[in-house]
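Engineer: Here the protein sequences come in this chain order: W and A. Sequential numbering from 4 applies to the first sequence in the working numbering. Sequential numbering from 4 applies to the second sequence in the working numbering.
There could be a bad hint or two in this list.
Heads up, the list lumps identical chains together, so a pair's fine if it works in one copy or across two of them.
Below, in silico cross-link-like pairs of lysine-lysine (DSBU-like), each with a Cα-Cα straight-line distance of 30 Å or less [claimed, not checked]: (1) K296 / K127; (2) K127 / K290; (3) K296 / K252; (4) K115 / K127; (5) K252 / K267; (6) K317 / K67; (7) K291 / K131; (8) K267 / K290; (9) K85 / K239; (10) K252 / K317; (11) K127 / K239; (12) K291 / K256; (13) K62 / K317; (14) K67 / K6; (15) K291 / K317; (16) K291 / K239; (17) K314 / K127; (18) K256 / K67; (19) K15 / K314; (20) K291 / K124; (21) K296 / K317; (22) K15 / K62; (23) K290 / K131; (24) K15 / K131; (25) K256 / K239; (26) K239 / K255; (27) K252 / K239.
Hints are computed from structural coordinates only; laboratory data are not their basis. This one's a predicted model, so the numbers in the text were calculated from it and none came from an experiment.
2 protein chains.
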Amino acid sequence: MAKSLTEVLGIKYPVLQGAMAWISDAGFAAAVSNAGGAGIISTGGRTTEYTRDEIRRAKSLTDKPFGVNIMLMAPNKEEIVKVICEEKPAFVTLGAGNPVPFIAPLQAAGIKVIPVVPNVKLAKRVEKAGADAIVVEGMEAGGHIGVLTTMALMTQVIPEVNFPVVMAGGFGDGRGIAAALLMGASGVQLGTRFLVAEECPVHANVKQKLIEAADTDTIVTGLTIGGGAVRGIRNKFSEHFVALENEGKTDKKALLDMATGTNKLAAVDGDTENGMMQAGQSLLPLKKTEPVKDIMEALMREARETLAQAKDIKI
Amino acid sequence: MAKSLTEVLGIKYPVLQGAMAWISDAGFAAAVSNAGGAGIISTGGRTTEYTRDEIRRAKSLTDKPFGVNIMLMAPNKEEIVKVICEEKPAFVTLGAGNPVPFIAPLQAAGIKVIPVVPNVKLAKRVEKAGADAIVVEGMEAGGHIGVLTTMALMTQVIPEVNFPVVMAGGFGDGRGIAAALLMGASGVQLGTRFLVAEECPVHANVKQKLIEAADTDTIVTGLTIGGGAVRGIRNKFSEHFVALENEGKTDKKALLDMATGTNKLAAVDGDTENGMMQAGQSLLPLKKTEPVKDIMEALMREARETLAQAKDIKI
């Protein structure tokens, strides 16, 4: 029997906070770890100095395990990995590129390695390469997405591997966490649900839009650009971008240039019209801003209550 | 407390067989009903005579409840509804249009009405209009699809309504059925999983391709054409079609003309290169052709075993 996620990471609850570029910093990640899950600092678009400072800052804010996300498309990924090996957070997640070459060096530094994978083939490949666990992310997630959904991935990936599988994408409440664990997941990663946490540094304008949003309020930009699909809230920017894509008259380079910087514009500057507010499909559970601890306790309470109802289902 | 799906329909197992145009006929639907679920005859692209004959034939093959699907984009939908009211199958499912005007007439004929809906707003609307249950279908399903996924829909729709919710999209095994029931669904609809049933009349060439297919082997055509998204197996036709869409030089009318007839070409004629093999994302559970009864019993056994494991999950 494979170890559980909570055993592998030494955490209380099987809940990770998904890394979010320009948003998930040391303060936010430490709050999630202090609440019993594991927070993750994002290094996408950041320098090695930022990475070192944030890991040190998180260590000053929590004595619990936390992680760092490495964006494998980043030009400075080698230098970021070097800093991480020196500063030694409990674990890393890695996505948007080939994680295999980084597994052994990070583990040699005492860091657990959890690649983010979008399908069965890559799940098997990183298991064989010795990864400690995987995050498997469905396309209902916010931000950069693949094509397979959470239910399709839970159905197909979990039976094919024998190490902890953390499911991500579309989870917003304890019922979903219970369902994932019942299907054999070892944990769940949530991003969007934590965006409205008081400790989350995303701009207040974005939090307000998320609280107001309905289930149908996300849109995917970049579907016509290979590998560039990003899910976020419908607004002036995202709807215009998709209209241009469907019209087919704007070349890919121009579209990529249009998208550059729009995540930061929303998340940091609070421009909810011209920025891209990255978010997943499960938006109705976001009803107010509240402390991370309250969100986490509500999630776990509901997950326990849901699992307790299994005995009453007669089929 | 709302009635359960099995109570509403008078069936043994909470499992519907999703309607599939040119595929799910009386023989196939009756086999699913005889196995304890409820089969559904597809009338998409069919005449009133076909509809009447197939309902009568299904009644000769099973004394169990079965359903008929009404494609609300069909030009002959009014006439099809009239025939259904006369022939009285146990229930109908209705999709691809506004089901509300048809609810009262069908119920007056003693037929249960189960609209297929893609989001919270429409789920609430058909509940208010008196529908007996709903099918809520995630975009991992095969054939015509919306944009929300099964996990996002289970998270957001189920808490908002108080009548039986049947989840569809991405289910391929008993683990998924157990997870849906645990989240509060009253049943599950499977399409792709039943395509490899011995009693399923889809062409043997298609069954073979489905058995060989991996999790990443579906593609969605028509994403750039409003309302025209269809999921099926990657092949010469579907990959060429999507390439033309992304290139943006072919107008929508020409694309729609290209797609017309391609479902039948695969399903009936067995052309797996130039036809569109409609199928959902959960393909790995399809390992061989086998009787519907064996598929159904395996699904239910695994669902029961999975639910029994809930008590061992400590969080």
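Engineer: A separate judgement is required for each hint: does it hold in the structure or not?
Structural biologist: Against the structure, the hints:
When the C-alpha separation of K296 and K127 is checked against a cutoff of 30 Å, the pair qualifies neither within a copy, at 34 Å, nor between copies, at 32 Å. In this assembly of identical chains, the alpha carbons of K127 and K290 lie at most 30 Å apart only when taken from different copies (19 Å versus 38 Å within one copy). When the C-alpha separation of K296 and K252 is checked against a cutoff of 30 Å, the pair qualifies neither within a copy, at 48 Å, nor between copies, at 52 Å. For the homomeric pair K115 and K127, the shortest alpha-carbon distance inside one copy (17 Å) is at most 30 Å, but the shortest distance between copies (45 Å) is not.
For the homomeric pair K252 and K267, the shortest alpha-carbon distance inside one copy (27 Å) is at most 30 Å, but the shortest distance between copies (33 Å) is not. In this assembly of identical chains, the alpha carbons of K317 and K67 lie at most 30 Å apart only when taken from different copies (20 Å versus 41 Å within one copy). Proximity of K291 to K131 under the C-alpha cut-off of 30 Å is restricted to the inter-copy arrangement: shortest distance 28 Å between copies versus 43 Å within a copy. Only within a single protomer do K267 and K290 lie at most 30 Å apart by alpha-carbon distance; the minimum there is 24 Å, versus 46 Å between protomers.
Taking identical chains as interchangeable, the C-alpha atoms of K85 and K239 are never at most 30 Å apart, the minima being 40 Å within one chain and 45 Å between chains. For the homomeric pair K252 and K317, neither the shortest alpha-carbon distance inside one copy (56 Å) nor that between copies (54 Å) is at most 30 Å. For a Cα distance limit of 30 Å, the shortest separation of K127 from K239 across copies, 28 Å, qualifies, whereas the shortest one inside one copy, 40 Å, does not. In this homomeric assembly, K291 and K256 never come within 30 Å of each other (Cα to Cα): the closest approach is 39 Å inside a single copy and 45 Å across copies.
Proximity of K62 and K317 under a CA criterion of 30 Å is satisfied inter-copy only: 28 Å between copies versus 48 Å inside one chain copy. Only within a single protomer do K67 and K6 lie at most 30 Å apart by alpha-carbon distance; the minimum there is 19 Å, versus 46 Å between protomers. With identical chains, the CA atoms of K291 and K317 are at most 30 Å apart between copies only, with a shortest distance of 29 Å across copies and 36 Å within one. Within a single copy, K291 and K239 get their C-alpha atoms as close as 24 Å, which meets the 30 Å cut-off; across copies the closest is 48 Å, which misses it.
In this assembly of identical chains, K314 and K127 lie within 30 Å of each other by CA distance solely across copies; the values are 29 Å between and 33 Å within a copy. In this homomeric assembly, K256 and K67 never come within 30 Å of each other (Cα to Cα): the closest approach is 43 Å inside a single copy and 58 Å across copies. Taking CA atoms no more than 30 Å apart as the test, K15 paired with K314 passes in both settings, with 25 Å inside one copy and 19 Å between copies. Only between protomers do K291 and K124 lie at most 30 Å apart by alpha-carbon distance; the minimum there is 21 Å, versus 39 Å within a single protomer.
Only between protomers do K296 and K317 lie at most 30 Å apart by alpha-carbon distance; the minimum there is 20 Å, versus 35 Å within a single protomer. Taking the shortest Cα distances, K15 and K62 sit within 30 Å of each other inside one copy (18 Å), while across copies they are farther apart (56 Å). When the C-alpha separation of K290 and K131 is checked against a cutoff of 30 Å, the pair qualifies only between copies, where the shortest distance is 24 Å, while the shortest distance within a copy is 42 Å. In this assembly of identical chains, K15 and K131 lie within 30 Å of each other by CA distance solely inside one copy; the values are 27 Å within and 43 Å between copies.
For the homomeric pair K256 and K239, the shortest alpha-carbon distances inside one copy (20 Å) and between copies (28 Å) are both at most 30 Å. Taking CA atoms no more than 30 Å apart as the test, K239 paired with K255 passes in both settings, with 20 Å inside one copy and 24 Å between copies. In this assembly of identical chains, K252 and K239 lie within 30 Å of each other by CA distance both inside one copy and across copies; the values are 19 Å within and 25 Å between.
The structure shown violates the earlier hints numbered 1, 3, 9, 10, 12, 18.
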